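Engineer: Chain by chain, the residues run as shown.
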Amino acid sequence: MALFSGENILCFRGERTVFADLSFRIQLGEALVLRGPNGSGKSTLLRLMAGLLKPHDGTITWDGENISDDPEGHNAHLHYVGHADAVKPVLSVHENIVFWANLRANAGPIEAALDAFGIGYLTDVPGRFLSAGQKRRVNLARILASPAELWLLDEPTTALDAEAISDLEREIATHRASGGMVIASTHTEIGLKDARILNLDDFRLTEDAA
Amino acid sequence: MYLYKFGKMIFHKYANPTRFLKLASTIQPWAAAATIGFLLAGLYFALLSSPGDYQQGETVRIMYIHVPAAWMAMFCYTAMAAAAAVGLIWKHPVAELAARATAPIGACFTFLALFTGSLWGKPMWGTWWVWDARLTSVLILFFLYLGYMALSNAFDDPARGSKASSILALVGFVNVPIIKFSVDWWNTLHQPASVIKMDGPAIHASMLIPLILMAFAFKAFYIWVMLMRIRGEINEGKIRALRLRQVHGGPPSRTTILEKTTEGAR
Amino acid sequence: MEQLISYFQMGGHGSFIWTSYGMVFVVLAVLWLQSRRFVRNSQTELDGLAVDRPHCQTSKKNET
Amino acid sequence: MNTFISIVRRDLQLAMRQGMDSVMVVAFFILAVMLFPFGVGPEANILARIAAGVIWVAALLSSMLSLERLFQIDYEDGSLELLALQPCALEITVMAKITAHWLTTGLPLLIATPLLAVFMSLPSDGFWALLFTLAIGTPSLSLIGAIGAALILGSRRGGVLLSLLVLPLYIPVLIFGVSAVDGAISGLPIKAHLLIMAGLLVAALPLCPWAGAGAIKQALET
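Order-wise, the sequence lines are chains Y, D, P and Z. Last residue of the first sequence: number 222 in our numbering, and the count goes up by one each step with no gaps. Last residue of the second sequence: number 321 in our numbering, and the count goes up by one each step with no gaps. Last residue of the third sequence: number 235 in our numbering, and the count goes up by one each step with no gaps. Last residue of the fourth sequence: number 1610 in our numbering, and the count goes up by one each step with no gaps.
Worth flagging that the hints you see were computed from the coordinates, not collected in a lab. Computed from a prediction, not measured in an experiment: that's the story for all the values here. Hints should not be assumed to be uniformly reliable.
Simulated crosslink set (DMTMM-like; lysine to aspartate or glutamate; CA at most 20 Å straight-line) [to be verified]: (1) D/LYS146 <-> D/ASP239; (2) Z/LYS1605 <-> Y/ASP33; (3) D/LYS235 <-> D/GLU291; (4) Y/LYS205 <-> Y/ASP179; (5) Y/LYS205 <-> Y/ASP136; (6) Y/LYS205 <-> Y/GLU42; (7) Z/LYS1579 <-> D/ASP187; (8) Y/LYS205 <-> Y/GLU181; (9) Z/LYS1605 <-> Y/GLU42; (10) D/LYS146 <-> Y/ASP75; (11) D/LYS146 <-> Y/ASP69; (12) D/LYS77 <-> P/ASP218; (13) Y/LYS205 <-> Y/GLU183; (14) Y/LYS66 <-> Y/GLU84; (15) Z/LYS1605 <-> Y/ASP81; (16) Z/LYS1579 <-> Z/ASP1513; (17) D/LYS177 <-> D/GLU113; (18) Z/LYS1605 <-> Y/GLU84; (19) D/LYS146 <-> Z/GLU1609; (20) D/LYS146 <-> D/GLU291; (21) D/LYS77 <-> D/GLU291; (22) Z/LYS1605 <-> D/GLU113; (23) Y/LYS66 <-> Z/GLU1609; (24) Y/LYS66 <-> D/GLU291; (25) Y/LYS66 <-> Y/GLU42; (26) Y/LYS205 <-> Y/GLU167; (27) Y/LYS66 <-> Z/GLU1479; (28) Y/LYS66 <-> Y/ASP82; (29) Z/LYS1605 <-> Z/GLU1456; (30) Z/LYS1605 <-> D/ASP212; (31) Y/LYS66 <-> Y/GLU107; (32) Z/LYS1605 <-> Z/ASP1513.
The following label-pair restraints were derived from C-beta to C-beta distances [unchecked claim]: (33) Y/GLU175 <-> Z/LEU1419: 14 to 20 Å; (34) D/VAL229 <-> Y/GLU19: 37 to 43 Å; (35) D/VAL229 <-> Y/ALA174: 55 to 61 Å; (36) Z/LEU1495 <-> Y/SER104: 52 to 58 Å; (37) Z/ILE1418 <-> Y/ASP173: 47 to 53 Å; (38) Z/MET1408 <-> Y/GLY145: 30 to 36 Å; (39) Y/LYS66 <-> P/SER186: 44 to 50 Å.
Quick reminder that beta carbons are idealized off the backbone N, C-alpha and C, glycines included.
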């Protein structure tokens, strides 16, 4: 029963204290939505979970084992969707996704991933012709192409239209059904049924608490 | 793993900026006094009471500042690399600032070593610059300092700058012996036999005293100015924190948190 | 008097010796002054900032 | 291992499609060397005397040209972040990018060297030594340069800063490369030079990707 959790995480960004004593737990099949105003550290927390950032204090564990002990092992468990879409303008959509899928052990079918987000017709189109929304869909199709338990989505719905958002909701549901976990930070309401909410505002150190 | 724990325990006490400032303000006056004292003694021996060298005549007096400056150039780079290593491995904020503070001082001493070296070379070899192995290595060291300083100021976020330049200081430190070896090797390849060796005859006693005194004077000066610059860097850190809090109205800054945690951890 | 002059000439190489000593003092003095100004400015700016946050006290350090 | 190959293949694909990258590097290399006859004068004996040094310095500068964009493009479009989050170690990714950089710059330089040896009327027995030293030297240049390219990620003026950081570290490779060619021309045994250069390369192979990966991880932390 894979368990991904973090205990009393303290994180600085340069001189600023982003949050302190933050803890979270998530198990297979669950979803966690990060809420909070801009600058409250949603992206920072996702990058901490991915292992790009090291917390100043506190630990993040996967099945009880600290993720910084085996960063490569932890990377194998997760997919990260950040603000930038990593689509090469010169390569076609198919080549972009094949490249990312080959980096992982079990590359799934590319066409199915593209069709899931309704961009099957774009397979041979070079990246430079794509709109922002289409690039985001290619990025999301990338994580479908090779399965991983944990999805870390940093505001996945930016630049997506209503139809793409419903595709995303459907994919998240099937991913959770097949025993995956999703942690997403988002402002727009995406319909994740019985998702737990983590509001980063209550972990911000107030003036007197320090 | 033990060394890591041991290091953390030893440095933890002075990782806290305000406690370091208390230590600094006690050492600083002593460093200032030592600098002035050694400098006066060194000058007295260097200029007044020691005889001219029988072979080089009076120009040997330039050696009394050229050699200590070259020593300081090397010493500062080593100190910078050590501070950078401590800053990177143990995430020790004051060590990172010490490396940033050492760079300009080291660069000044390297420039002085080059300047006095060429002034010493003129009467002896008739040219302002000679591609002697040591002078060339010091010249390359000067560019390593410039690279460090340029990189540490090339980023908007100074923490990023000091991390990147710490890595460069370590990479540079690994390369210094390689550069030294290859320049010496290159020098012997193109060396016209007639050039007198740089340090001339063995230094005899009466010349040693001014040399050592000046070396101590430079080291005391280094400690004095470095402590000053670290204080400035710590202030800069606090200013940025306060400005950020004004902008974000967020919680207290990292330095205050550090002080709280290390206060508690004592 | 001429004994003093001959001292300054230092066997004909006086100019080299005095310029190098002069340069050492100039560079070290400039470095020291710049560092002092760096600390003074940051200290005054810090005090200025801290003034409008009364409860955040900054200790008055007397540095030489 | 297939990560290494797929990254190298992708980078080569990008270089081919983006076109002209290695062509521009070779053009700069030839142009830089061609300037010397105009500057120094066309007499063959003078040119032969400085040929090895000029060709080596020009190769060094032109291999540095495309270093700045080694990680910059991936850093800006988010690929570097994703590459750091792949199950294979970041060092392998950095090594793959360095190999791709060498294939797109170091190799074309080697191909252009014979033409320039003729331009500079390099004595014939120095020819093979020049080719061989460049073959060992340019990978070390790419390796050391990659650390500089990783350090300047996200800095304000990348290009100029990169040359200031990297050129002092290139000096040992330059010294042994040129002295090997000069040694060959004057008939001296050059085994020692080549061994030292090989030593530099073997030392750079593990250390530079490790330092580069460290620099990239720190660059991604902001």
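Engineer: Evaluate the given range 55 to 61 Å for the C-beta pair formed by D/VAL229 and Y/ALA174.
Structural biologist: The hint (55 to 61 Å, Cβ to Cβ) holds, given that D/VAL229 and Y/ALA174 are roughly 56 Å apart.
Engineer: Would the pair D/LYS146 and Y/ASP69 pass a check requiring their Cα atoms to be no farther apart than 20 Å?
Structural biologist: holds (12 Å)
Engineer: Can the restraint linking Y/LYS205 and Y/GLU183 be considered satisfied, given a maximum Cα separation of 20 Å?
Structural biologist: With a Cα-Cα distance of about 13 Å, the restraint between Y/LYS205 and Y/GLU183 holds, given a limit of 20 Å.
Engineer: Compare the distance between the alpha carbons of Z/LYS1579 and Z/ASP1513 with 20 Å, and conclude whether the hinted pair is satisfied.
Structural biologist: Answer holds: Z/LYS1579 to Z/ASP1513 is near 15 Å, not above 20 Å.
Engineer: If you draw a straight line from the CA of Z/LYS1605 to the CA of Y/GLU84, is it 20 Å or shorter?
Structural biologist: holds (13 Å)
Engineer: Regarding the pair Y/LYS205 and Y/ASP136, is the alpha-carbon distance no greater than 20 Å?
Structural biologist: Violated - the C-alpha atoms of Y/ASP136 and Y/LYS205 are around 36 Å apart, more than 20 Å.
Engineer: Kindly confirm whether 47 to 53 Å is satisfied by the beta carbon distance between Z/ILE1418 and Y/ASP173.
Structural biologist: 52 Å Cβ-Cβ, so the 47 to 53 Å window holds.
Engineer: Sort out whether D/ASP187 lies within 20 Å of Z/LYS1579, counting only the CA atoms.
Structural biologist: violated (25 Å)
Engineer: Check whether the Cα positions of D/LYS77 and P/ASP218 lie no farther apart than 20 Å.
Structural biologist: holds (18 Å)
Engineer: Against the 20 Å threshold, does the CA-CA distance of Y/LYS66 and Z/GLU1479 hold or violate the hint?
Structural biologist: Answer holds: Y/LYS66 to Z/GLU1479 is near 19 Å, not above 20 Å.
Engineer: Holds or violated: are the alpha carbons of D/LYS177 and D/GLU113 at most 20 Å from each other?
Structural biologist: holds (13 Å)
Engineer: Measure nothing beyond the straight line between the CA atoms of Y/LYS66 and Y/ASP82; if it is 20 Å or shorter, mark the hint as holding.
Structural biologist: holds (13 Å)
When held up to the earlier numbered hints, the structure conflicts with 1, 2, 3, 5, 7, 9, 10, 22, 24, 25, 31, 32, 33, 36 and 39 and fits the remainder.
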